[in-house]
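Required output: the full structure, derived from the provided sequences and hints.
Chains X and V, in that order, are what the protein sequence lines are.
So in the UniProt record's numbering, spot 106 of the first sequence is number 106, and the numbers just go up one at a time.
So in the UniProt record's numbering, spot 590 of the second sequence is number 590, and the numbers just go up one at a time.
Please keep in mind that the hints were generated in silico from the structure rather than gathered at the bench.
For each residue, glycine too, the CB sits at the ideal point set by N, CA and C.
Any given hint could turn out to be false.
Unchecked claim - No farther apart than 20 Å at their CA atoms in a straight line, the calculated lysine to any residue pairs in the SDA-like style are these: (1) V/710 with X/183; (2) V/459 with V/210; (3) X/101 with V/469; (4) V/127 with V/76; (5) V/41 with V/17; (6) V/55 with V/426; (7) X/101 with V/313; (8) V/105 with V/115; (9) V/55 with V/14; (10) V/709 with X/184; (11) X/104 with V/471; (12) V/338 with X/67; (13) X/104 with V/478; (14) X/104 with V/470; (15) X/101 with V/471; (16) V/55 with V/9; (17) X/101 with V/470; (18) X/104 with V/476; (19) X/101 with V/475.
Claimed, not checked - Stretches of chain X that chain V covers, calculated by requiring three or more beta carbons in the stretch to come under 8 Å of a beta carbon on chain V: (20) 20-26; (21) 63-70.
To be verified - Here are the in silico distance ranges between beta carbons for each label pair: (22) V/5 with X/142: 53 to 59 Å; (23) X/4 with V/207: 45 to 51 Å; (24) V/136 with X/138: 52 to 58 Å; (25) V/98 with X/124: 43 to 49 Å.
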Amino acid sequence: MAKQYDVLIRLLLIGESGVGKTCMLCRFIEEGFISPHISTIGIDFKMKTLMIGGVRTRIQVWDTAGQERFDTVTSQYFRRAQGVLLVYDITSETSFQNLDKWLKMMHEHSADDMDVLLVGNKADAENVRTVSREDAEKFAKSHSMDYIEVSAHEGSNIYQAFSRLAETVLLREQKLRNERINSLPLASQRNKDIVPLDDKPEEKSECKCLSS
Amino acid sequence: MRPFAEEREDGVIYNVFLKKEHFMSKSTAEETENISNVTWKTVRTRSIKAATVEKLVEHLPTVIEEMDSLYLHTFFNTYLTFTNLQYVLKLLMHRYFEACHIPQKDSESLKRNIRTVVITWLEENPKDFYQPPDHPCLHFLKDVAMETMQDEEFLNKIDQIFKNFAREEDEENHYLEDALGTQFSINDTVDFMLQGGTSYRHITEIDTKILAEQLTAMDAELFLKVNPQHCIGSIWSRRDKKSCDVDTFSVRATINQFNEVLNRVISTVIWDKSLSHSSRAKIVCKWIEVAQACRELKNFSSLKAIISGLQSHPVHRLQKTWAYIPRHTMQLFQDLAKIFQDDNNFEAWREILMKEGTAKFAPMILSKNGKWTLKVLKRRSFEKTNQKKDELSSGMYGTVPYLGTFLTDLDMVDKANPDTIQGLVNFEKKRKEFEVIAQIQLLQNVAKTYNIIPDHEFKEWFENQVIVSYQEYCILSEEIEAPSRIPQSAPSPSPSIDDSKPKIFRKFFSFTAEDYKQRNSKAEQSKSRLWLFRAKGHGKSGSVSSSVSSNSSSDTAPNSDDSISVSSGDSPVSLTPINKDKKMLRRPTLKSSQSLTCLSQFEQLSPPPCQYEFPSESCRIIRVTLDSGDETDSREGNVYKSLVITHQERAPAIIQTALLKHNLPKTVSCKDYSLVQILPDGGALKIPDNANVFYAMNTAAEPFFILAKKSESYKIGQSPSPRIRSRKKQRDSARMSWVFVSGSP
Numbered sequence: 001m002a003k004q005y006d007v008l009i010r011l012l013l014i015g016e017s018g019v020g021k022t023c024m025l026c027r028f029i030e031e032g033f034i035s036p037h038i039s040t041i042g043i044d045f046k047m048k049t050l051m052i053g054g055v056r057t058r059i060q061v062w063d064t065a066g067q068e069r070f071d072t073v074t075s076q077y078f079r080r081a082q083g084v085l086l087v088y089d090i091t092s093e094t095s096f097q098n099l100d101k102w103l104k105m106m107h108e109h110s111a112d113d114m115d116v117l118l119v120g121n122k123a124d125a126e127n128v129r130t131v132s133r134e135d136a137e138k139f140a141k142s143h144s145m146d147y148i149e150v151s152a153h154e155g156s157n158i159y160q161a162f163s164r165l166a167e168t169v170l171l172r173e174q175k176l177r178n179e180r181i182n183s184l185p186l187a188s189q190r191n192k193d194i195v196p197l198d199d200k201p202e203e204k205s206e207c208k209c210l211s212s
Numbered sequence: 001m002r003p004f005a006e007e008r009e010d011g012v013i014y015n016v017f018l019k020k021e022h023f024m025s026k027s028t029a030e031e032t033e034n035i036s037n038v039t040w041k042t043v044r045t046r047s048i049k050a051a052t053v054e055k056l057v058e059h060l061p062t063v064i065e066e067m068d069s070l071y072l073h074t075f076f077n078t079y080l081t082f083t084n085l086q087y088v089l090k091l092l093m094h095r096y097f098e099a100c101h102i103p104q105k106d107s108e109s110l111k112r113n114i115r116t117v118v119i120t121w122l123e124e125n126p127k128d129f130y131q132p133p134d135h136p137c138l139h140f141l142k143d144v145a146m147e148t149m150q151d152e153e154f155l156n157k158i159d160q161i162f163k164n165f166a167r168e169e170d171e172e173n174h175y176l177e178d179a180l181g182t183q184f185s186i187n188d189t190v191d192f193m194l195q196g197g198t199s200y201r202h203i204t205e206i207d208t209k210i211l212a213e214q215l216t217a218m219d220a221e222l223f224l225k226v227n228p229q230h231c232i233g234s235i236w237s238r239r240d241k242k243s244c245d246v247d248t249f250s251v252r253a254t255i256n257q258f259n260e261v262l263n264r265v266i267s268t269v270i271w272d273k274s275l276s277h278s279s280r281a282k283i284v285c286k287w288i289e290v291a292q293a294c295r296e297l298k299n300f301s302s303l304k305a306i307i308s309g310l311q312s313h314p315v316h317r318l319q320k321t322w323a324y325i326p327r328h329t330m331q332l333f334q335d336l337a338k339i340f341q342d343d344n345n346f347e348a349w350r351e352i353l354m355k356e357g358t359a360k361f362a363p364m365i366l367s368k369n370g371k372w373t374l375k376v377l378k379r380r381s382f383e384k385t386n387q388k389k390d391e392l393s394s395g396m397y398g399t400v401p402y403l404g405t406f407l408t409d410l411d412m413v414d415k416a417n418p419d420t421i422q423g424l425v426n427f428e429k430k431r432k433e434f435e436v437i438a439q440i441q442l443l444q445n446v447a448k449t450y451n452i453i454p455d456h457e458f459k460e461w462f463e464n465q466v467i468v469s470y471q472e473y474c475i476l477s478e479e480i481e482a483p484s485r486i487p488q489s490a491p492s493p494s495p496s497i498d499d500s501k502p503k504i505f506r507k508f509f510s511f512t513a514e515d516y517k518q519r520n521s522k523a524e525q526s527k528s529r530l531w532l533f534r535a536k537g538h539g540k541s542g543s544v545s546s547s548v549s550s551n552s553s554s555d556t557a558p559n560s561d562d563s564i565s566v567s568s569g570d571s572p573v574s575l576t577p578i579n580k581d582k583k584m585l586r587r588p589t590l591k592s593s594q595s596l597t598c599l600s601q602f603e604q605l606s607p608p609p610c611q612y613e614f615p616s617e618s619c620r621i622i623r624v625t626l627d628s629g630d631e632t633d634s635r636e637g638n639v640y641k642s643l644v645i646t647h648q649e650r651a652p653a654i655i656q657t658a659l660l661k662h663n664l665p666k667t668v669s670c671k672d673y674s675l676v677q678i679l680p681d682g683g684a685l686k687i688p689d690n691a692n693v694f695y696a697m698n699t700a701a702e703p704f705f706i707l708a709k710k711s712e713s714y715k716i717g718q719s720p721s722p723r724i725r726s727r728k729k730q731r732d733s734a735r736m737s738w739v740f741v742s743g744s745p
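Written out as structure tokens, the structure is:
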């Protein structure tokens, strides 16, 4: 069977419980794509293929719904991901304050080349908003993240959030790959013959990106 | 199957399905035997899509007539998500009383059906009626059974449940609360004291099989107690909210046990900071073996816990420790970790569960694309050729799953489907939830068949392990191995790199920043390696402690002992009497930072000792020729020298040895040369300066290497060494000359 995608990228959903991560995921996956691998519950919730700049990009989203209490989540979770959707609830001040905690955990466990998109969920509940858009934008800027507000309830901006992050990841990976190819000794002219090897950690993520 | 239509009645929405069914008409069957007498008829069936709670309950007795047991099971395994015990019981009994007082033509059958419904409920989910201390609902039922029904059989069933509750309460005090860490079991301690046996002191003293079995006994017991209904998304994921009044203790107890195991894995590896890297590696190896034993016992809960523990940040980052793990053990670990790889929604794990969940033995089944099963088992049977395997498999039938994926599935079903449709309970959602619940129930039935006698000594050991917070583990871990400035890369116990990549990539990434740093300091000393390690445990701890020494630091290693010194590579193996500083070898307390510094200093200085007996897999022979310049080339021709490399040696040391073998003056530095492997397709593989050649080399190709002078051949952007190219052309002749030379290098 021909491969149905060119690139596989892995994204994580993190944030306080109850901010609507799983709802976002359900919203995102719902639209159109049904995986060839039918899981026990009928739908594979975790994958979707998008066209990004002519590249068929399969997005695999990890969500630990229901498994938060298993200690396993913290460390294993981050290792293979290239992008993170850091979600908070615009109607919950606490979920916003706890973003620091998540960022800290993320940096502890991951290589530093992960793209993060800050997502304010429940944008439909404007009337009970407690976290202002300005505050969120400021926070995002100070941590060099992108920021987007979505509503899993209404489905607005959900697709944009995922595709925007995927796009950033793809661009970075591509840039990285080019840099590596250019800087590799021998590789420039003999790259067909020579398997590039280097023990810098970035290589690992590149490897992940290409793998499928 | 897609519904054909929808029908609405008061308080109910039905899905209507059309089914084709065989039927045999009497007349045709009698008339002729030749003509196909099977005809089809279309049957119209309805199933409840959504309804009010009252209508759902009302439907219960009807399905007894229709023999639709699925509806019954679905209802009683999900009703807590939309109503509660009291209300359902009240509705059912209300109808029963009605039927008693206002007799109609079908009231007898209705009464009979309601009785069947309640009995089914009691039999299947007796725990629903567990309402300590008084169990009011069960008492209410008992009264009804006595006064209204006057039903002996029914009454006996209720009494039996009362008895079970009383018995389970006893047990639960022992176990569940233990597991939840709320209470110490005094009985166990007393039992232990009475036995007066010696408790396990160190993990390496515990038999792998016993360890795995005991973990399984603990896990299985808790898993059996899990109320699957508590796993449902709307109950489990809303556990923290006030609106949820269901106590999910049974699920929490299982998770708690999982975390306990995970924490013990981390703690046994990390807690004793004084351990040498190699001793620590032994503990890691032990856990990998235990994980494999759990796999054979089909205890996926502990298996996942152990893997997660070893992959946790504090353990995972200990690159010096991981460097000591023998290759085959590492491979085993990776194979095991692959089970829980989250690709395709945990495809590997789901497949295994599907195939083996209810099978009697784990090892007998091979998944069609799951190579790992085969591999793992092969290796295992290789290791345990004679007795152990049979021992393990005998009496082993059960399965303990990792509960997490079920919780996720149920949570997803919950999030993806609305609770209500036009104000009615979405029963279709309940059917989906029941699909997952039924799997859990099936596995619970299987888990009953484990027959492992709990071992108090083990429990004692388990409970006595020091457990600290995650942050503290991180701190300890950094004290064991200082964080490097170069960002971490995995020592590759994680299955993080895909299979589709050439093997060499995966292997290669196991090199770490730490190794990199270490290597630089080591390169110079590679000739003077002498390590001593103590093979036996020391002191009360019984732990295998090891001390490391090197020639250059003999002043800190006074008086002699039974220690054996071992060297690796080309230095001779010797049994030199080596001095031992008692203070140093005593297992230091956490405070004795002085001896710690001593130890760590030595470890910094000395290359990794060959702590493990050399499996044949851990060394191989390579052929190296020199490419230092045209003069040399013409003089010597293509002389390949053969070299034994181990999985613990890195490029600089190997280059140094190779240079010596090629009779180059000692002034020539290994830094000036690179090792390049010649690939069969005419390509070349440059081994990075500090790589572990054993892993970095392409094992598919023949082990021919060129020592290439860096300055000339590897300038960035320059044409890559014409010499290499020419060398390749000459490869065949080169091989010939190697055959000739290698005998007398």
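Hint-by-hint comparison with the structure:
Annotation: proposed proximity of residue 710 of chain V to residue 183 of chain X holds, straight-line Cα distance about 16 Å (limit 20 Å). Our distance criterion of 20 Å between C-alpha atoms is met by residue 459 of chain V and residue 210 of chain V, whose separation comes to about 11 Å. Our distance criterion of 20 Å between C-alpha atoms is met by residue 101 of chain X and residue 469 of chain V, whose separation comes to about 16 Å. A C-alpha spacing of about 11 Å is found between residue 127 of chain V and residue 76 of chain V, which places the hinted pair at or below 20 Å, so the restraint holds.
For the given pair, residue 41 of chain V sits about 13 Å from residue 17 of chain V by alpha-carbon distance, which is consistent with the 20 Å threshold. For the hint pairing residue 55 of chain V with residue 426 of chain V, the CA-to-CA distance comes to about 12 Å; that is within 20 Å, so the pair holds. For the hint linking residue 101 of chain X to residue 313 of chain V, the alpha-carbon distance of about 16 Å falls within 20 Å, and the restraint holds. For the hint pairing residue 105 of chain V with residue 115 of chain V, the CA-to-CA distance comes to about 17 Å; that is within 20 Å, so the pair holds.
At roughly 12 Å between alpha-carbon atoms, residue 55 of chain V and residue 14 of chain V fall within 20 Å of each other, so this suggested pair holds. Restraint check for residue 709 of chain V and residue 184 of chain X: the C-alpha separation of about 17 Å stays at or below 20 Å, so the hint holds. Between residue 104 of chain X and residue 471 of chain V, the direct Cα distance comes to roughly 12 Å. Compliance with the 20 Å bound is thereby established for this hinted pair. Proposed proximity of residue 338 of chain V and residue 67 of chain X is supported: the alpha carbons are some 19 Å apart, at most 20 Å.
The suggested pairing of residue 104 of chain X with residue 478 of chain V holds, with an alpha-carbon distance near 17 Å, which does not exceed 20 Å. With a C-alpha separation of about 14 Å, the suggested pair residue 104 of chain X and residue 470 of chain V falls inside the 20 Å cut-off, and the hint holds. This hinted pair checks out: residue 101 of chain X and residue 471 of chain V have alpha carbons roughly 13 Å apart, not beyond 20 Å. Restraint check: the Cα-Cα separation between residue 55 of chain V and residue 9 of chain V comes to about 10 Å, which is no more than 20 Å; the hinted pair holds.
For the proposed pair residue 101 of chain X and residue 470 of chain V, the alpha carbon gap of about 14 Å is at most 20 Å, so the pair holds. Pair hint residue 104 of chain X plus residue 476 of chain V holds up; C-alpha atoms about 19 Å apart against a cutoff of 20 Å. Restraint check for residue 101 of chain X and residue 475 of chain V: the C-alpha separation of about 17 Å stays at or below 20 Å, so the hint holds. Only when three residues or more bring their CB closer than 8 Å to a CB of chain V does the claim for the stretch 20-26 of chain X stand; here the count is 4, and the claim holds.
Check result for the stretch 63-70 of chain X against chain V: holds, 7 residues qualifying (beta carbon to beta carbon below 8 Å, three or more required). A hinted range of 53 to 59 Å holds for the C-beta pair residue 5 of chain V and residue 142 of chain X, which are about 57 Å apart. Taken as a hint, the range 45 to 51 Å holds for the pair residue 4 of chain X and residue 207 of chain V, whose Cβ atoms sit roughly 48 Å apart. Between residue 136 of chain V and residue 138 of chain X the beta carbon distance is about 56 Å. The supplied range of 52 to 58 Å therefore holds.
One distance hint, 43 to 49 Å for the beta-carbon pair residue 98 of chain V and residue 124 of chain X, holds here, with the actual separation near 46 Å.
Every hint, counting from the list given before, is met by this structure.
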